[in-house]
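Two chains, each in its own frame: build the complex with the hints.
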Amino acid sequence: MTNSLLKISNVDISLPEGSERLLAVENLCIDLVPGETLCIVGESGSGKSLTARALMGLLPAPHVKVTQGQIDFCGEDLTKVTERRLREIRGSEISMIFQEPMTALNPVMTIGGQIDEIFRYHVSMSAAERRERAIQLLDDVQLPDPAQIVNSYPHELSGGQRQRAMIAMALALEPKILIADEPTTALDVTTQAQILKLISDMQAVHQTGVLFITHDFGVVADIADRVAVMQYGHVVETGTVDKVLNNPEHPYTQALISSVPSLVPRSARARSEETVLEVKNVNKTFGGGSSFFKFGKPSRVVDAVKDVTIELRRGETLGVVGESGSGKSTLARCIIRLMDSDSGQIILNEVNICDLNRAEMRPWRAKIQMVFQDPFASLNPRVKIGQIIRQGPIIQGATQEEAEARTLELLEIVGLDERAFNRYPHEFSGGQRQRIGIARALALNPEILVADEPVSALDVSIQTQILSLLDEIRTKMNLSMVFITHDLRVAAQVCDRLAVMRYGEIVETGATADIFDAPQHSYTRDLLAAVPGQNWER
Amino acid sequence: MNDFWKLFSRNRSAVLGLLILCLVIFVASIASLIYPGDPFLYSKYPLSKPGENGFLLGSDSIGRDVASGIAHGAKTSLLIGLIATFAAVLIGVIFGALAGYYGGLVDDVLMRVTEVFQTIPSFIFAILLVAIIKPSIESVVIAITVVSWPAVARLVRGEFLALKNREFVQACHTLGMSDYRIMLKEILPNCLSPIIVIGSLMVATAILIESGLAFLGLGDPNVMSWGFQISDGRSMLRVAWWICTFPGIAILITVLAINLVGEGLNDALNPRLRERN
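From first to last, the protein sequence lines are chains U and C. Just add 387 to the spot in the first sequence (first one is 1) and you have this note's numbering. Just add 81 to the spot in the second sequence (first one is 1) and you have this note's numbering.
So here's chain C without its partners, still in its complex pose (with noise of 0.2 angstroms):
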């Protein structure tokens, strides 16, 4: 774990990414704290810039609070990123692991599947599956997974692919143990390293399709979201800059910073590139 720390350390740029994205983390979770409250409730000052009214980042059209807004879409945003890459990292996992490990028919026909789920523009994709069912909170987690399991799934299936002809696992074969276990026990912990990157880097994108659909009114209307108050502004962009450029600027730096930490997981966790420099 030290070991790790200090390769992680090692690149600047994923420290600093870090530190933003526990920020963000913490602002989340202290949302109720600071602004408690719904942070749909209008007040009697509508438009007020950044500062005015007691307002620190302004006030929207009706005269909600941008920065209450903030800090509970974070909390949103952070939710729907971590809990759809998790399903996603899942199923992926699931799907790759079988096609990869058994080769074959099972690999033919999990492929083929898969394939199909990537050959649709997964945004497009999204947008549909979240019109089908109703925008609300599942929906896009369920939207979010769906687009997004196919890359771990092919991304593991190439890992298990190249790891079970090793000479560890037919080792394992030699001893008598069963596949399951030899899967879950001998070759995923070999993999994970590649999964943990890829994981971080779908928070990043899952936050931004999240945003993308909350922006196209798809959003669950009764929970706050950064693309909720962007698409709330954009017609005001013009009168009050304000309401859409915190959440965007909430929604960059976020990104940003998740990938950062992707890419320093990245350069870490995977020998071949801790020489790069």
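Excised from the complex, chain U in its bound form (with noise of 0.2 angstroms):
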């Protein structure tokens, strides 16, 4: 192609001596016309964010770096070119936006600030031309009363308002290639459906060619024309956007593909009679204490949870969706009484366990337990993978033995060798890790299981792996689960009710069909409709 902006031929990206295989990159070959998105796909460690940093110079030298290849820029090889020229072209020819707009933006300057260095680096224009150009270039991305978020700082703005300041900094120059790193991975699905529409009308203005790095199928979906799918630094297919996701050729492709979640949900089953848990009214707010010595101005009161009543019957799943700081992670934890509700009544094989204290709670905790999100915080670095399984059951009373016996049984269950016993956390993945967290919550029979975004920090691989297995203990073990997540598609797939959370109120509860069919309230219409990739189903 002869007006392709750039052009990466054989490039090899090196790690450092010690790691777990010798490029990160190899024999990379990618191009990419004007106004083109091309989406790079690919699990954690697949070498893709390293690939996009190649691009800006950014690699973290010495250890990683290119050794082989070009990455041919409108005529400049970016790997030869000085350190000046990369300089210039920088943020005016090719710019980036980053997954976390929070640590990406500096915190001690005002968003005003940091558009105006761009200008100041990059073109002669007066402090007055400077400022009207910031305002202007935030109103194209269609931030409120730009004027005043010219002077705001970026902790007094949303994630998604902190993810457009980016955007308008990064094409401030009009750069003629936009890299973006998981650019919405940090933010809510209605806001990621903004971003995502904002970053491609962009692109329709100023013909900029897109370098979209994700590990989302649903967003590869609603804006690729072009997909590269990464493995273990390799490029294993490339192809149009139709081509890889509707006849993808690749093994790995498909498996990739294959396991993305259906937004079509799982048919019902029967509703049993029994319930098991009921929340009746629960409430906690956050702040407004003041503590000893502490004074001034009291803190803001936030409602976490705010009057919710939920129930939940034997053997069902009831998923808790919702977006970040509706209140879902603090309701589980008041649940599992990890933390004391301000009111309101939890009902457990009809004792209110909100009444019990500390020592009268301990025989309730084993019919409850907990899986975490987090398979790298949720175990204990210097406890082995046995003793962190068999401590449940013996703080339960059972003898070593017994606690010992439990723990290889629960090790065979979640699917690992019985010589994880005696080895530690960082031995395992975090798909492995994620089975010891269920073995954990397991050991001590529980009648429900609270899980909180169990799958959210997975792969997807690895994602469907875990709800396949605690779909299959839930059968096996009769399990009543509350499941929170703010995925649709994990919601459609493994919950057999829905209950749709904002601002710490329940909106709306019914089962997932019936949500999904015919969403009731107007927020969870807007949840549903921000989904992405609704228009391709595999």
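Accuracy of the hints is not assured; some may be wrong.
[To be verified] Sample of chain U residues lacking proximity to chain C, with all beta carbon distances greater than 12 angstroms (derived): (1) K394; (2) S513; (3) P531; (4) L650; (5) P833.
[Said to hold, decoys possible] Derived BS3-like pairs: lysine-lysine, alpha-carbon spacing no greater than 30 angstroms straight-line: (6) K245(C) with K754(U); (7) K452(U) with K87(C); (8) K771(U) with K245(C); (9) K754(U) with K771(U); (10) K245(C) with K693(U); (11) K771(U) with K266(C); (12) K754(U) with K266(C); (13) K771(U) with K87(C).
[As the list claims (entries may be wrong)] Only part of the chain C face toward chain U is listed, based on derived beta-carbon distances under 10 angstroms: (14) R247; (15) E248; (16) F249; (17) Q251; (18) A252; (19) H254; (20) L256; (21) G257; (22) M258; (23) S259; (24) F296; (25) T326; (26) I330.
Derived from the structure by calculation, the hints contain no laboratory data. Ideal Cβ positions, reconstructed from N, Cα and C, are used throughout, including at glycine.
Dropping the structure here:
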């Protein structure tokens, strides 16, 4: 192609010695034309982010560097240009937006000040012109009241607004290429939908070539023109979005696509008559309290959970869905008594567990257990797996031998080798650690499992495995489950019923299929409409 | 353990420090063998130069053997350093753990107490304490402990604050584990590395404080120490340089060695710094 903007050919990127593989990226060949969106898809560790950083010359030298190949940008080889030229190119001709806008923006500079810097370094304009241009840019990315936002600091904006400001900065000098490294991963779905639309609008105006890095096939389906699938540093498949998504050739692509959860809810199961857990009018607020020796104005009071009432029947999976800050995790922690609720009742086997003190609560702990979100933070790095799983039964009064036998049994149930018993958590991958977390929760033979985003930190292929493991265990042990998630695709596949939360309140509850087919509340409709990749169904 | 040694030995100066420290410990432990008898015992050869009259490092104004003093003083310095540090770490860990784990009122009260100790300049505070109780090994140890524990308490509190909300700790709560067990078995092992590092550096500080106190005449009058030797020899520095110089060098290299080891431990135990080079 003659008008290609960017042509990466045969690029190798080295990793430091002692890494799990020799090259982060091997023999990479990618090209990009103006106005096109190329999505690089892959799981964590596939080398997709390093590819993006290589283009910007932002690899963490000296250990990670491009050792071979050319990155041809409009006739210049980016691997050979001087640092000075690279600085000129960055920001003005190739710019980048990052995953986490809070850390990518300087917290002690105003948004206007940060946009101003770009103009100061790259073009000559008077201060008044620069300011006017900054306001114009903020207006272009549809930020409300740009004249005020230009004087705001990053912490004064919401996550979505910060990402808009990042995009404004990235597009300030109308670059030829925009690199977006998981720009919507940290955002809520409704915000994500807006940001994706904004990127494609801006792209249409400026004919920018967009290199979009993501792990989410829904996003790919919505925005990509072409797709490159990466695995272990290799591009295993490239092609148009239609071909890759609907007719994948490489087995890895096929496996990835088949593990994307479908948006069609699972078929409903018969609902049991027996109620195992009832949450009645539970409230929880944060802040407001003042402590010893602390003067000054009282802190802001936030209603994290407001008058929530839910009911869980035996063998049922109740999904609590909502965006970040909706109070779903707080609700989970109140149910499991990691936090004390301010008012309301949580009734387990006809006993209000809110009234129990620590010692009285101990025997009830066995009935309700939790699976945590982060497989890396949820296991003590200094304790062996066997001990992690075994300690629950021992606390609850089992003998050493019983507990050990139970642990070995559980390791088998969650699909781990019994040699895991004497190993430490760092020897396991994220998915394996999540299995260990599940085994720990099951060790007490609970009736209810509260799962707080159990798969959101995992890659999509691992996610499927963990979900099917949970499903299998649920049937085998007749578990009732409270499943907290922000991902409606996951919810559709796992939950019998859904409770939709916003600002601490439950706005809608009902059978999953009913909610997906005919959402009653306007917020539920917004959430469903924002799920990426709706028009594509594998 | 092997991995740890590999990481530690990457830092050459830390290994050197460890060698010197081992040498000091060795000398201290065989002090009574190579210089049997009381190091305060005087001979009839005052102010002998190093090498004269069978005195390896000379003798002082009343004929006491400087080398014998250094060997016996090493025992004093190391013992005081180790015991005081151990006591300070113990108190600091208890205060810090309770404050960080329980937070709220407990934290406020414990930290205000800690701040009271921190606001007084530590060496002056130590002098004051030894002067109030009477100078003896015990009072020196107590004084050093009292002035050193607040730093440990602050450090441990910070670590506990960060760790207590981690999911693995919450998981222990959901299993019904007792607070005591969570603190001791779950959280404490995860903050051992910084405690070991600060502890190793505190041994060096304790040796310096002890020598300082002894120099001011506030050490135990019945126990030989490096600070006492320097204090004793300082008026004769121009006629008999060796009386002050050798104990001074002993303090210098011991403290340096401990600091090097401490830094080496920090590099080896703190994964964030591992890739620093």
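Checked hints:
1. K394: 33 angstroms, holds
2. S513: Since the minimum Cβ distance to chain C is about 44 angstroms, S513(U) lies beyond 12 angstroms and the statement holds.
3. P531: 34 angstroms, holds
4. L650: Non-interface label stands for L650(U): nearest chain C Cβ at 29 angstroms, farther than 12 angstroms.
5. P833: Given a closest Cβ separation of 10 angstroms, the condition is violated.
6. K245(C) with K754(U): 24 angstroms, holds
7. K452(U) with K87(C): 27 angstroms, holds
8. K771(U) with K245(C): Distance of about 19 angstroms is within 30 angstroms: holds.
9. K754(U) with K771(U): 24 angstroms, holds
10. K245(C) with K693(U): 26 angstroms, holds
11. K771(U) with K266(C): OK: K771(U) and K266(C) at ~12 angstroms, within 30 angstroms.
12. K754(U) with K266(C): Satisfied, since the Cα-Cα distance of roughly 24 angstroms is no more than 30 angstroms.
13. K771(U) with K87(C): Roughly 23 angstroms between the alpha carbons, so the hint for K771(U) and K87(C) holds.
14. R247: 5 angstroms, holds
15. E248: 4 angstroms, holds
16. F249: Hint holds; F249(C) Cβ to chain U Cβ min 4 angstroms, cut 10 angstroms.
17. Q251: 5 angstroms, holds
18. A252: 6 angstroms, holds
19. H254: 6 angstroms, holds
20. L256: Holds, about 4 angstroms.
21. G257: Status holds, d = 4 angstroms.
22. M258: 6 angstroms, holds
23. S259: Interface hint status for S259(C): holds (8 angstroms vs cutoff 10 angstroms).
24. F296: Violated. Min distance 40 angstroms.
25. T326: Because about 46 angstroms separates T326(C) from the closest Cβ in chain U, which is outside the 10 angstroms limit, the hint is violated.
26. I330: 41 angstroms, violated
Checked against the numbered hints given earlier, the structure breaks hints 5, 24, 25 and 26 and satisfies all the rest.
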